[in-house]
Amino acid sequence: MARREEILKDIQTRFREDIVDFFDKSSKRVYIEIKPESIVRVAGYIFKELEARFNIASGVDARTHLEILYHFSLEDINLLISLRVKLDRENPEIDSLAPVFKGANWIEREIHELLGINFRGHPDLRRLLLAKEWPAGVYPLRADYREWDRNAIRDRGV
Amino acid sequence: MKLPKARELVEAVKALVKGPYTSKFPAKPHVPYSSFRGQPKYDPEKCVGCLACEQVCPAEAIGHRDETENGQPKRIIIHYTDTCIFCGTCEQACIADHQGIRLTNEWELSFFDRKKESFESIEKELQLCETCGAVIACKDHLKWIAERIGELSFSSPTLFYSHLKDLGVVDENIISALKDQGRSDRMKILCARCRRETTLTTK
Amino acid sequence: MSITLNALLKSPWVFHLSTGSCNNCDIEVLDCLTPRFDIERFGMLLTGSIKHADVLLVTGSCNRKSANRLKVLYDQAPKPCVVIAIGECSLSRGMFIHSYNCPVPLDKIIPVDAYIPGCPPKPEAIIAGAVKLIQKVRGK
Amino acid sequence: MARSVIPIGPWHPLQEEPEFFTLTVDGETVVDIDVSIGYNHRGIEKLSERKTFDQSTFVIERICGICSTSHPFAYTRAVEDIIPVEVPERAKYIRTIVAEGERVHSHLLWFGLAGHFLGYNTVYHWVWKLREEILDVLEILTGNRNNYAMFKPGGVRRDINADDIPLVVKKIDSIVPTLDRLKKAVLDDPVLHARLKGIGILTKEEAIDYCALGPTSRASGVAKDVRKDAPYGAYDRVDWDMIVTENGDVFDKVVVRILEVYESIKIMKTCLSKLPAGEIDLNIKDIPPGEGIGAHEAPRGETFHYVRSDGTNRPARHKVRAPTFMNLPSYRATVIGETISDATIILAAIDPCYCCTERMAVRDDRGRKILGGPDLVRLSQEKTKKLANKMGLQ
Chain C
1 MARREEILKD IQTRFREDIV DFFDKSSKRV YIEIKPESIV RVAGYIFKEL
51 EARFNIASGV DARTHLEILY HFSLEDINLL ISLRVKLDRE NPEIDSLAPV
101 FKGANWIERE IHELLGINFR GHPDLRRLLL AKEWPAGVYP LRADYREWDR
151 NAIRDRGV
Chain B
159 MKLPKARELV EAVKALVKGP YTSKFPAKPH VPYSSFRGQP KYDPEKCVGC
209 LACEQVCPAE AIGHRDETEN GQPKRIIIHY TDTCIFCGTC EQACIADHQG
259 IRLTNEWELS FFDRKKESFE SIEKELQLCE TCGAVIACKD HLKWIAERIG
309 ELSFSSPTLF YSHLKDLGVV DENIISALKD QGRSDRMKIL CARCRRETTL
359 TTK
Chain R
362 MSITLNALLK SPWVFHLSTG SCNNCDIEVL DCLTPRFDIE RFGMLLTGSI
412 KHADVLLVTG SCNRKSANRL KVLYDQAPKP CVVIAIGECS LSRGMFIHSY
462 NCPVPLDKII PVDAYIPGCP PKPEAIIAGA VKLIQKVRGK
Chain L
502 MARSVIPIGP WHPLQEEPEF FTLTVDGETV VDIDVSIGYN HRGIEKLSER
552 KTFDQSTFVI ERICGICSTS HPFAYTRAVE DIIPVEVPER AKYIRTIVAE
602 GERVHSHLLW FGLAGHFLGY NTVYHWVWKL REEILDVLEI LTGNRNNYAM
652 FKPGGVRRDI NADDIPLVVK KIDSIVPTLD RLKKAVLDDP VLHARLKGIG
702 ILTKEEAIDY CALGPTSRAS GVAKDVRKDA PYGAYDRVDW DMIVTENGDV
752 FDKVVVRILE VYESIKIMKT CLSKLPAGEI DLNIKDIPPG EGIGAHEAPR
802 GETFHYVRSD GTNRPARHKV RAPTFMNLPS YRATVIGETI SDATIILAAI
852 DPCYCCTERM AVRDDRGRKI LGGPDLVRLS QEKTKKLANK MGLQ
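Residue numbers (this note's numbering), protein chains in the order written: chain C, 1 to 158; chain B, 159 to 361; chain R, 362 to 501; chain L, 502 to 895.
One thing to keep in mind: the hints can contain errors.
Stated by the list, open to error - Going by beta-carbon spacing under 8 Å, a handful of chain B positions derived as facing chain C:
id, residue
1, S193
2, Y238
3, D240
4, R272
5, K273
The hints are simulated quantities; they were obtained by calculation from the structure and are not laboratory data.
Here a beta-carbon is modelled for each residue, glycine too, at the ideal position from N, C-alpha and C.
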C-alpha cells in the first residue's frame, strides 16, 4: 500500500497545475480530472514511467459536455487510475494517444466514430465499426441521437 | 506401411466395443435435463393477468391487448416465441407465486409462418369501472389482492365487492337495495378516478 | 418447381451465413456437424460455396454491414433455395430490435421458409426444424 | 473487382468483398494487413441504456457466444462497484464455477478449431466431442448450453441444488483422461512443433505496447491475470496457478490454453466441493448515482465494463471492452513477414470470436482478389502435410 500512496503523491506533485480534481474513491479506484491539453504528458508518464497497462478509454456524453475517461491499471498494486477529461459539446477535440502507445489506436477511432470527438495526430482516423451507408456527422452514442433511417422497423416487424 | 502403435490398437478396440458416440436423436426422442429452460407457458387458472411478466421481460417478448367493445371485456396476454430468449425472468417475477407463467422443457418450437404461428396467447376476464367503463384490472388480480391483504380489503369497495361477488355473497338485489340510500356510487366497483370523484364531490 | 426441390432435399447441402450474430447459434450449427449430432447421417453436408447450396442457414440480427451482403449472396444462390432462420436474432432480431445498427428483421430482406426459435436453439432443435421443413416440402 | 466471385470461408462465407482480414502479399510473405470489423456491431452500449440494470445483463450476455459469462460477470461487478457492495459467499462460488466451466468450453472450442486450421480434423472432432461433456455440465447447472442467465447485479439468479453435483463432478472427471491423451498427442507431435514453433511471435515489449491481454500476452511472458492480481469471486479461496510461457509464438499460445483448461477443471471441482450454504442474492433495490468499473478474466483476456448511473434504474452510460478489441491490433506485429500459409493459424492464435477468422482474403497490389478464406485454410493444411512428409511420418 505504501507504493500506492507514493505513486499518487508523485502524480499530484508532478502535475499540480494540470490536475483539476483528485478523487480517491477506494483502495482500488482513483479518478483524476485533468485539463484536456495535458493528456499526452500525463498519460505518457503513467504508461511509460509507472508501467501501467492502458485498459480502455470510455467516451461519455454527459448532456452538458462530453467526457473521456482513460483507464490505466497497475496490476501489482491492484489500482485503477482513471484520467477524466471534459470537452465542450460543439467541436470536441483532443490530442491523440496513438503515437504514445499503439493500444489507443482503435479505441480512438471508435470514439471518433460513435461520439464525434476528433483526435489530433491520430495516424488513420478511418471508420471502424459503422457501415459505409451510415451518414457522416450522425453520432449514435450522443444523448441527442435521433433515428435517421425512415424504413427502420422498431417492433417485431411481422 | 507404418505399424500402428499399441496405444492406437487399444483405442480402436475400445471405440469398437463402446459403439458410436452419435446420439440416436431422430429415432430416440431427446429429453433435456430437468433444469433446461424451454418454452414459457401460461397457466390460465393461476395467472392473475397483472402483466408483471410483460414489464420485466428483457426482450419485450410479452405483449397484451385489452378488448372491451364486443361482449365480455377481456385482456389477451400474448407471448411471442420469436422474440423470447427463454431467460426465466418472467417466471421469477410472476406474483402468483411463480406459477402464472412457467418455463417448460419444450425445445422443439420450429414453425413456418411468422404471422400466425409465432405466438401463444391466453385470455383473462377484465373488470371495468361501473361508472366510466375504464379498465381497472383483471378480476383474478383484484381477487388475488383482496385475498392477500385479508380484512384490509374492506377499506375499498372495489376490492371487497369483487371478492364477495366471487364468493357469491353479494348479488344484484343487495346493490339495488343500497341504491336509494343516496350517493349510490359509493357502493360500486370504481376505477381510481371515479373513486376519488365520488368521495370528494356529492354527485 | 417442387419436383426439383424434392430431389434436392434428398441430401440437402447446407450453407451457413452469419450476419452479425453473437456466434452462439453459429456454434450450435457447428455442433450439428461434430460427432454427437452429426447431420451428415441425413446427407446434410456443409458446403464452402453458395453455388452448391440447397439450404441457407442464416443466423444473426442482420446489421447494416451484413444485410446488403446477405441480399447479394441470396441472389447468387441457385434457386430453388430454402432459407432457414436460426435463433431469435434472425427471427425478429430478438434482443436487438431497438439497435441502431439492426434496422429490419431477416424476413424483410429475403424470403424465409422455416424459423427455428431458441437462444441458442439446441442442435436437436435445428435438426428437428430442418427435418420438419423437408417433410413439409416433400408433402406438398 | 475480380469478375470471378470466389466465396470465402467454409463456415461463414460472406461475399468476397467485405473481408475481415485483408492481407497484401508480395510473393509468399505478407507485406501488409488490414482489417475491417463491424460485422457484429449491434450497438449494445446504446441498447443497454434503454434497459434497466437487471435487464441489461441479458443484452450484455449476448455480446459473444463463447464468453457469455465473462461480460455479465464484469458488468455485475461494475454495478456492485457503484454502490459499493459485497456479493454473498455462495453467489461468489456459483459465479466462479460457471465462469470456469465456460473457460473450459471456450478453450476446447478454440483448440478444435486450431486443429482444423492445421489440417488435424481428427483433433477437431475429438475435442468438440469432449466439449459436449462440459456443455452438459453447464446445462445441468444453469439450464442452457450457453447464454446461462445466471448473473444479476448483487448475486446469482439460480441456485445449484446439491443432488446435481455428483453427476456434474462425474462428467468433469470424465474430461481429464481424454484431455491428457489429447495433450500428449498434440504437444509431443513433431509436425506441430515444426509447424507452430517460431511463427507469429509477439515479443514481450510489443505485447505491452499493444496492451494485449489474456493468453495472448501470457504466452509472451506478461504475467498478468485479473483473477490473481485483483482476486474476486472465489478465486482467492482456491489454489490454482497462472500459466505463463516465454517465447510468445503460436505453440506457446496452444500450451497456455491447454494448461489453463486443467486449472479451470481444478478450480471448478474445489469450488463444487467447498460450496458454502447461505444467501445467493442481495436483492439490490436502488443504485445511487455514480460510476463503477468491473473486470473479469475472460477466456481471451480481461473484459472491462464501465457503468455510469444517474440514480434512475437504467444505466446512463455503459462502456464495454472485449479482450479481442485489444488483442486484435497486435496482428501487425505477428503476421507481417510471415508466409501466407501461416497467416491463418497466426490470426486464429489470438482466438478472436471465431466467425471472424473465417472471413479472410488475399489481394495482390492492384486490389484484385487472388485467394479466399478456404484457399488460405487449404494452404495451411497443405503446409502441415508437406512438413509431415518431409519428416517421413505420413
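For each hint, the structure was consulted:
1. S193: Check failed: Cβ of S193(B) comes no nearer than 29 Å to chain C, outside 8 Å.
2. Y238: At 6 Å from the nearest chain C Cβ, Y238(B) passes the 8 Å test, so the hint holds.
3. D240: Result: holds, 7 Å to nearest chain C Cβ.
4. R272: holds, 6 Å
5. K273: holds, 5 Å
Checked against the numbered hints listed earlier, the structure breaks hint 1 alone; every other hint is satisfied.
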